[in-house]
Each structure stands twice: as C-alpha cells, then as structure tokens.
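Protein chains in written order, with the working numbering: chain Y, 186 to 522; chain H, 22 to 261.
Hint data in this document are derived by calculation from the structure and do not stem from the laboratory.
One or more of the hints may lead you astray.
Said to hold, decoys possible - Listed next, the in silico PhoX-like pairs over lysine-lysine satisfying Cα-Cα at most 25 Å (straight line):
1. H:LYS202 / H:LYS23
2. H:LYS129 / Y:LYS194
3. Y:LYS189 / H:LYS156
4. H:LYS133 / H:LYS202
5. H:LYS23 / H:LYS109
6. H:LYS204 / Y:LYS382
7. H:LYS133 / Y:LYS382
8. H:LYS95 / Y:LYS382
9. H:LYS107 / H:LYS75
10. H:LYS177 / H:LYS127
11. Y:LYS382 / H:LYS202
12. H:LYS75 / Y:LYS194
13. Y:LYS189 / H:LYS75
14. H:LYS202 / Y:LYS189
15. Y:LYS189 / H:LYS177
Said to hold, decoys possible - A short list of chain H residues far from chain Y (calculated; beta carbon distances all over 12 Å):
16. MET22
17. GLY36
18. SER44
19. GLU49
20. GLY123
21. ARG170
Every residue, glycine too, gets a C-beta built ideally from N, C-alpha and C.
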Amino acid sequence: MESKLITAKSEPLWNTNNKVISIVCALIVLLFALPLFGLNSFYLHLFIMIFMHAVMAQSWNVIAGFSGQISLGHGAFFGIGAYATSFFYMQYGITPWISIFFGMFISAIFAVLIGIPMLRLSGHYFAIATLLIGISFQVVFQRWDLVGAASGLWVTMTPEDSWIALQFHSSKIPYYYVFLIFFLITFFAVWLLSRSKLGYRLRAVRDDPQAALSLCINVSNYKIIAYVISAMIMAPMGSLFAQYILIIDPDRVFNIEISIIVLLITVLGGIGNVWGPIIGASILIPISEYSRIYLGGTGGAIDLIFYGLILMIICIFKPNGLISFIPKDILERKKQR
Amino acid sequence: MKILSVENLSRSFGGIKANDNISFQLEEGDILGIIGPNGAGKSTLFDLITGYTKADTGIVKFFDKNIFGLSPDKISNLGVGRTFQKLKPFADQTLLENVMIGAFVKEKNIKKARDRALEIIDFVDLLEKRHHFAKELSTGQRKRLEMARAMAIEPKLLLMDEVTGGVDQKTIPGLVDLIKKLKKTGVTIITIEHNINIIMEISDNVLALDQGKSIAFGSPREIQKNKQVIDSYLGTFDAA
C-alpha cells in the first residue's frame, strides 16, 4: 500500500502531453508568421476579431465557468476599458499603453462595487441584476456630456502610425500582433489560474458553495475575486478595440450584444475550460464576419440565427461544448484511470 | 479538556422548535454519538454548531472561544470540519482535486497539498480511485470522499452526518472501521447515526434528541437503559 502511495506521489502534477505542447507551440509560431504570408486586410481583421472575442469570452469564462456566476452585463467592463483609453488620451494625452491599466483599475473598482451587493444574489437573480447593470452603464454614458454623451468619442488621430498612440492607419498588421500578444498573455494567465490554489477554490465555489464553506472558503470573497479578475481581463479588450476603430459610442461599446456573444462563444466552445473560448471564438466570429460580408445590412440577424441554431445543437448533443469532441486525456489534466 | 460546550442552544423555524435549549459538553478525543428519530433536530444541531444556520439563542464554545454567530468558513478555519447528510462532493472534479481543495487550508504549495491529499485518500482506502470524478463514485466511496475532504483541513473537531446512511450492509463495517481509525488520530468526533448498534460500538457518549429537545446524555450503556430514550427512539427502532 505504501508503495502505491509513493507511486501516486511521484506522478507529475499535470498531464503534460508533449504532443499537445508541440501543437500549441506550432500554432503560436504559425499565428506570428501568418501576416508575413501577405494576409489581406479582411483576414487580418478576422483574426483580430477572433483574438479579441476569445479574450472577452475567456474573461466571461473566469466568472461563469470557474466560479459559476452567470453575468449578463459583462459588456460594461468592455465599455469602461474603451472609454478609459480614449478619454485619457483625448483629454490628457496619456498613451493608451498606460490608460489600458486605468481601464483595468476602474473596471476592478466597479466589479467590487457591483460585486459586493450583487454576488449575494445567486443563480438567475444574479444574472438578471448584471443584465440591468450592463444596460444602466449604456444609459449613463448616453447622457454623460464629459464623455461625449450619445455621440461618443472620436479619438484624435495621429498623422502617422504611432506605437505610442497605438494608432496604425496604413496597415492592420501592428494591431494583429498587439491583439495576438494580449490573447496569448490572457490564455496563459487563465491557464495558470485554473491550476492555482485560487482556481481550485473557485471551482469549489462553483460546484457546491455549501461544501466550499466547510473548507474555510469565504464564498462571497472568492466570487468577488473572480468578478474582479474577469473585469480586468475584459477591460483591455475595450481599450484595444477603441484604438482599433478610433470611434466609440455607448451603443457600440456598452451594447448588450457584447455580453451575449461572450456567453455564446464560451458555451459553444466549452464553459469552464481554458480552451473553450478559443474554440468558440474561432467558429462563431468567422460566421459573424462572413454573414456580415455576404448578407450585408439586409442579413443583419442571420448570424444570430446561426448562433441560435448552433447553440441548440450543442446544448442537445454536446452540452459541455465543442471541447468535448477532444478526448479528455489530451487536453485536460486528468490522468490515466 | 473540553473541546466543545453547547449551552441552551435553540432554533425555531416558524412555530416549530427544531432545537430547544440543547446543552452538552464534549471532551477532546471523544466520540459523541447523536441519536434521535427523524425530525428530532440532529442535522439542525450540526448546522447551528458549524454556523450554517444561525441559532436564536445559546452559546457554542470551541475550546474557550465563543463561535456563536461566526460564519461557516470562519468556524471551519478554527478547526471544525464536517460532512453532510445529503452528500456535497465537488461532482465535476476528481477525488484528488476534492481533497486537495481541503488540503490547501494548511498547505499553500500545490505539490505539498497534492501529496497531503494523497496521504488522506490513502487513509480512507480510495487511492485507486484518486483520478475518478466524484460523480463517478459510489455512495460509500463518496462518503469516504467527504470524510477525506473534511480531514484535509486537519480539524480538531469533526462532525459527521449519517456516515453509514444510504449505503449497503457490506459497506457499513468498512466505514465504521474508518471512524475508529479516525479517532486514533486524535480528532474529536460528533456523529449522527440511525444505526444504534454502531453508535453503541463507537461512541464514548451519546446525546439523544427528540422533537428538538435533549432527552438524555450519557454513556452508551446509560442511554440503552434510559426509559425515555427507549420509549421515543429505541422502542421504535426495535419495533421497526
């Protein structure tokens, strides 16, 4: 028996599948090399949107997938991030590289302020409350003159491409790399989180809050921590998006659709799994972009119909998301039985 | 040394007194068995001691510290572990991960927490099942999982709610042996049991409840002879 225990202790902490590591490394290299193959503007935009939405979905994955709280107002943090960089750049000339952190900080503050009362609610009550919070941000910004009210902010354009101002007019390639790097950083940060003590404890809160309490876990505090982390991941995407399009308004960056799409992406890919948002974004975003191109304004809702159909099929046949098509012992940390 | 002192603990739900002026004391290292018919208030008493339900009145002292009104996480942090009547495993996580979550209370390092969790899983004889999801385990195995998880916080006092409830007859002796093995580690135990033979076998003292009231407290032999206990519980048990 003792020898079995020694054997068990000698097992590696994680199921490090060398094949998966090799594939991931190859994909990363490929993603860095892709622009060199002369990707046209549309494909660069497509990848930028995939990276951005994968990060946004990863943010939602932290609060919903790891700690089990369904937030329907996560777009608020995207909007805060967008306005933070644009406002501080236009008013004070602060480079977006710094104001990205302002956006993260402000989002974190709001996550705490919202989280303390709201996370006392559970299940659908929390979801409804966050939905209303998300909408209220949009309403407030529509009426707030300091940030341009309903007209929003038109970011002052630099005459030339500028890394300091994070503006690139001649090519989308720099944006591609900026979004890619944020995407990779977020992925590895959330991957580390999922394997940390905090990750374990968040999953305990998700699976059974009552049992978690019996293991010295302050459930309310951990939900707030997850909400803050989630908000801080979402905000930089708003900031980068603002720098990407250079025009922001409340209807665009606080839109309820943002909160819904991150949910759809995560559920489609696989909730509670770090790979889920990436898989979900890689499928839904191309559908969205292609339907927008081929159907134009007249087919504005076709992508949503596709989403609905895909989601229904997934919920019926693969409730754990597309990630469940991949054998568990390949991606997850479960060892051989 | 007294590890737990409960004085005049009461809790009502509407007009029903679930616990009515319950008082008892528990010595360190002992096993206290709690018996009583369904609805006697046994699980409510657990919830009051561990902070899951707020008592209306009373005092609960863990060693010399009054823990009345503290939240469950703070009480467990002081060294009070518990299992649940309705099992609450983290279903989508493996047995090892379940126990590791408990082990993180004492071990901050993941490797050390994993090793500690493995030792505890070995203690409850489930080492072979360590990588199985909790939802894949049998009821008896999940009972052991809950005990292992509670032990992982290294409690001084462990409250176990119906460890042998809902498992087949073949599984019961193993669970009883496990409780005895646990006692040898020095942990103080309060256990709720319906199986009177088990209570008599393992307990140093027995508290009998009926309709929220404490009707007897004493050694298993004393309880077996107590007329009120026989009338309200043992008699019913025998008749059944």
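Right, here's what the structure says about each hint:
no.	hint	in the structure
1	H:LYS202 / H:LYS23	holds, 22 Å
2	H:LYS129 / Y:LYS194	holds, 17 Å
3	Y:LYS189 / H:LYS156	holds, 24 Å
4	H:LYS133 / H:LYS202	holds, 23 Å
5	H:LYS23 / H:LYS109	violated, 30 Å
6	H:LYS204 / Y:LYS382	violated, 29 Å
7	H:LYS133 / Y:LYS382	holds, 12 Å
8	H:LYS95 / Y:LYS382	holds, 19 Å
9	H:LYS107 / H:LYS75	holds, 20 Å
10	H:LYS177 / H:LYS127	holds, 13 Å
11	Y:LYS382 / H:LYS202	violated, 29 Å
12	H:LYS75 / Y:LYS194	violated, 41 Å
13	Y:LYS189 / H:LYS75	violated, 44 Å
14	H:LYS202 / Y:LYS189	holds, 20 Å
15	Y:LYS189 / H:LYS177	violated, 28 Å
16	MET22	holds, 23 Å
17	GLY36	holds, 26 Å
18	SER44	holds, 24 Å
19	GLU49	holds, 21 Å
20	GLY123	violated, 5 Å
21	ARG170	violated, 7 Å
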